[in-house]
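Colleague: Using the sequences and the hints, build the whole thing.
First to last, the sequence lines map onto chains A and B. For any residue, its number in the numbering used here is found by taking its place in the first sequence, counting from 1, and adding 991. For any residue, its number in the numbering used here is found by taking its place in the second sequence, counting from 1, and adding 958.
Bear in mind the hints are in silico, worked out from the structure with no lab data behind them. Mixed in with the good hints, there may be bad ones.
Said to hold, decoys possible - Derived contacts from chain B toward chain A, CB cut-off under 7 Å, selection only: (1) 1118; (2) 1120; (3) 1121; (4) 1123; (5) 1126; (6) 1129; (7) 1130; (8) 1131; (9) 1139; (10) 1142.
From the three backbone atoms N, C-alpha and C, an ideal C-beta is built for every residue, glycine too.
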Amino acid sequence: MSKELIRLRDLTMEFDGERILDGINLYINDHEFLTLLGPSGCGKTTTLRIIGGFLTPTSGTVTFDGKCINDVPPYERQINTVFQRYALFPHLNVFDNIAFGLRVAKLPKEEINQRVQEMLEIVSLKGYGHRRIQSLSGGQQQRVAIARALVNRPKVLLLDEPLGALDLRLRKDMQIELKRIQQAMGITFVYVTHDQEEALSMSDTVVVMDKGRIQQIGKPEDIYNEPKNAFVADFIGESNILDGVMLEDYKVRFFGRTFQCVDKGFAPNESVDVVIRPEDIDIVAPDEGHLVGTVTSVTFKGLNYDIIVEFKGFKWLIQTTDHCAEGSTIGIRLNPEDIHIMKKSEYSGMFGDYSSYSAEYDELTEDAGDEEE
Amino acid sequence: MKKANRILTILMFVFLYIPMVVLIVASFNTGKDITQFEGFTLKQYTELFRDEDLLGLLGNSILIALLSTAISVTFGTLAAVGIHRLKPKMRKLVMSLTNIPMTNPDIVTGVSLSLLFVFVGTGLLGNRESLNFGTLLIAHVTFGLPYVILNVMPKLQQMNPALTDAAMDLGCTPVQAFFKVIIHEIMPGIVSGGIMAFTMSLDDFVISYFVTGSDFVTLPVEIYTYTKKPIQPKVYAMFTLLFLLIAVLMVGMNLLQIRADRKKDSKRPESRGWRIAKRCVAGALVVALIVGGGFLFFGNRQEKIILNVKNWGMNMADGTDGTLDIIAAFEEKYPNIKVNMSYYESNEALYSQLKNGGITVDVIIPSDYMIDRMIKEGMLEKLNFDNIPNFRYVDEEPFKNQNSYDPTNEYSVPYTWGTVGILYNSKYVDEADVTGWELMWNENYAGKILMIDNSRDAMGIAQYLLGYDVNTMDKAQLQACADKLAQQRPLVQQYVMDQIYSTMENEEAWIAAYYAGDCMLMMENNPDLRFYLPEHQGFNRFTDAMCIPTCCKEKEAAELFINFLCDPEISGANMDYICYASPISEAKQYMEDYLAESDIIYPSKEVLAKGTAYRYLSEETSRFVEGLYQNATKTVDASGPDNGWIVPAVLIVVMAGTMVLLIVTRKRRKL
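Modeller: Written out as structure tokens, the structure reads:
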């Protein structure tokens, strides 16, 4: 990774006595694609607005290129933003929207013209310059917003849920498009989203936030495979989280059995959270399994089935490509690398239990996430 | 049901627009009478455009409207932006505070502003002329401002707040963000607020009336003072043009809005030609405003002595109907003086305007008893008669000798004089009944009698009839007079001042008590009218005289002006217009013969000897008389015992029916 560009040090933010950010420490490298990920109200947009200069933190510092920029207003920062609902200027056409920043900077006319045309090409809107904003589709407006920000050649581009208003198909296309633009222009992206899939597929670094605190920072694979606590484990993908006891290094006991695992460094007999990803579980004949349970529900998901299996009164989610009939008894096997051990945290016991699982529940929480801050 | 709806809608428009139609028709009428359409003419319009005074007043109104709108729009928009940034609770509070001036009765706003201006201007800053162009402008801004705020706020609330962030993000300072982005978003609100402020300012009378100084008068205030005679038809022409102007403005705005809405949805880019045209129009408007405003503003402000004259309405020849334009003649003779004429409608109104203070007035022309009072209260300056050599032309008898109001001849120079008598229509009134003031009480003519509507003259008539002294302060006698007036009340059709013209000329009323000069004018228009002076009982003989109040600034110029008006030739020409008698006998040779020889205007010495003048009673008596007069006359319905209630009642029923029908049809459609 290249050099550090932005650093947030002990950021706190309070609105009317309510603490929105609680000690955020974070650095962002040049050319990095960093995503702030978390549910609504976790403080990710607030963090972004502080970086953009629209909010001044209650305490803590923001440094840019080594200089504190707490008191630098947004119009003097080498940072541009793509806003949640684009915030395009309705009284200007596409060309004038994109040229806005360059005109404020009083660049020569030919240069403005050339840079805007270049930008229109990059966001595949060539020939749309004279269109009115209101006549564009959501995806096109999105691209104008990106062009309007990028044409100023910022060092950092902030994107606040830029794809939130688009439908699924368009969102997927734009994810690829954004990644391409970021790599082509070689600038730092700070991306805010509540969509974990988006975060994992696009980012170099993911910052998982909740309740105004950073829960985990890491590469997408690390975040997924090595979640730090129950919140991260649950928020990134699906997880079965169980209470366990770490007997010694590489040995964990839960459900009355001792399993081999790959984790170490815990105190002997320390209580831990055990994470088992639904797709890692192998289904075998009942007599061959480490555990034996009963299938209580089956949902077809296209790529796989989501099945809920009851083990001794505790329900697990298992994702499998093989069909199991409801009511049948199955056995499962757990390989050492399928078991991930986490220290106990404030989130222990709050997630990872599928006893009240329903397919719609998932969708509901996702919708709620759309109304971010 | 649809058809019914349409018909009702049309009816509603008829109801709303019929007054305007009447006005427009009247502006094209050949005849002077509103009740009869005699033929089509554009005369009123040509006369309007020849009347520089009227156009000047219109210019004043437009100037103040433009300036106050510009200021209201600027500060209103800024205020709205500020209010918008407040926390919601605070915002609500501030908004209701800014809305109060709009719901406040105009009269309350007007009086309180006037008090404030006089208090600050005269009281704190020691400026005698505390009511002026500036105060009028401030007043108009105070009531224009809330309309702008009210119109801009919703636009700010509808605006995506991220737009400001976006602009700042792209390098705009907050000020740049306002001008490059926000202002475009809230422009419709600014424009509609501006138009509201403009029209409110243009037609405001009540507030302006209280804060207008003598240096700058707007059209509505001036028109209100045209009370001595009916409004001239050219004023209809002006109103028609004003109405059309505003109508065009509003329709144009709506068309633009519709166009803009349509454009928003269309995929076609805005054509370059249209954009350029739009900018050109906007540019031309701004240039026109600045040039026009500047011209009006500085055109009014030459390096001249401004002489402020307060006069009765229509009490000086102004060039209409072939008379001499006295002001123009004076200004021609003294090119460094500009006469600024304003008007009052009664002696009492003049008195209170001067007492309230805050204005500069150089010459006034009150009546005898009021001069008496003003001298006693120290409101008049002594005149320097070295500057008024023409005073020598003024008749000794009775003006210089023992006049009732200014016995030492130090404060006043008479302007006109006249008598109060009875005007009757010989077609309907039996000559045998014309025996004295009792004609006004004759039951045979019940409902056809007009009584003069001011306390002093009305009580005077009763006093002459009962044989009392007109200057009595005996309360019992005054009470008896009031009883007499109360007894007359059922017979009286209306208590009038200037409405007397149309009513008598149209023969809607047959008997009236009024000033001889005005009676003379009415007789010219209706040959059946006769004038009668009840010599044996007595009658009022009044004198209006020119004085200089203590709030004057240009005393010497004022004396020049008084001197000018005493020139026999000028006085004679003046009387041709006002139809009153001149206190200068030599003026008669310059008057039209029929006036100079009229025994209505100039009764014989013997007759005149029977007339008496009003003198100032004490303040307490004046108030007592006023009270008695109001009690004796007020409860009479001015429209008389006719069926005047039918039209409004029918209209209300129709409107109510419309509402019910609309509600019923709406409900049925829902079902």
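Colleague: Checking hints one by one. Is residue 1121/B an interface residue toward chain A, by the C-beta closer than 7 Å rule?
Modeller: Status holds, d = 5 Å.
Colleague: Quick check on the hint: residue 1120/B CB to chain A CB, less than 7 Å?
Modeller: 4 Å, holds
Colleague: Let's test the interface hint: is any C-beta of chain A closer than 7 Å to that of residue 1123/B?
Modeller: At about 5 Å, which falls below the 7 Å cut-off, the nearest Cβ of chain A leaves the hint on residue 1123/B intact, so it holds.
Colleague: Against chain A, is residue 1139/B within 7 Å by beta-carbon distance?
Modeller: Hint holds; residue 1139/B Cβ to chain A Cβ min 6 Å, cut 7 Å.
Colleague: Close enough to count: is the Cβ of residue 1129/B nearer than 7 Å to one in chain A?
Modeller: OK, holds: residue 1129/B within 7 Å of chain A, min 4 Å.
Colleague: Hold the hint about residue 1126/B up to the distance rule: shortest CB distance to chain A must be less than 7 Å.
Modeller: Holds: closest Cβ of chain A sits about 4 Å from residue 1126/B, inside 7 Å.
Colleague: Restraint: residue 1130/B near chain A, CB-CB cut 7 Å. Satisfied or not?
Modeller: 6 Å, holds
Colleague: Identify whether the interface hint at residue 1131/B stands, where standing means a beta carbon of chain A within less than 7 Å of its own.
Modeller: Nearest chain A Cβ about 6 Å off; hint holds.
Colleague: Under the criterion of a CB-CB separation shorter than 7 Å, is residue 1142/B in contact with chain A as hinted?
Modeller: Check passed: Cβ of residue 1142/B comes within 4 Å of chain A, closer than 7 Å.
Colleague: Next item in the hint list is residue 1118/B. Is there a CB on chain A closer than 7 Å to its CB?
Modeller: 6 Å, holds
The structure shown violates none of the earlier numbered hints.
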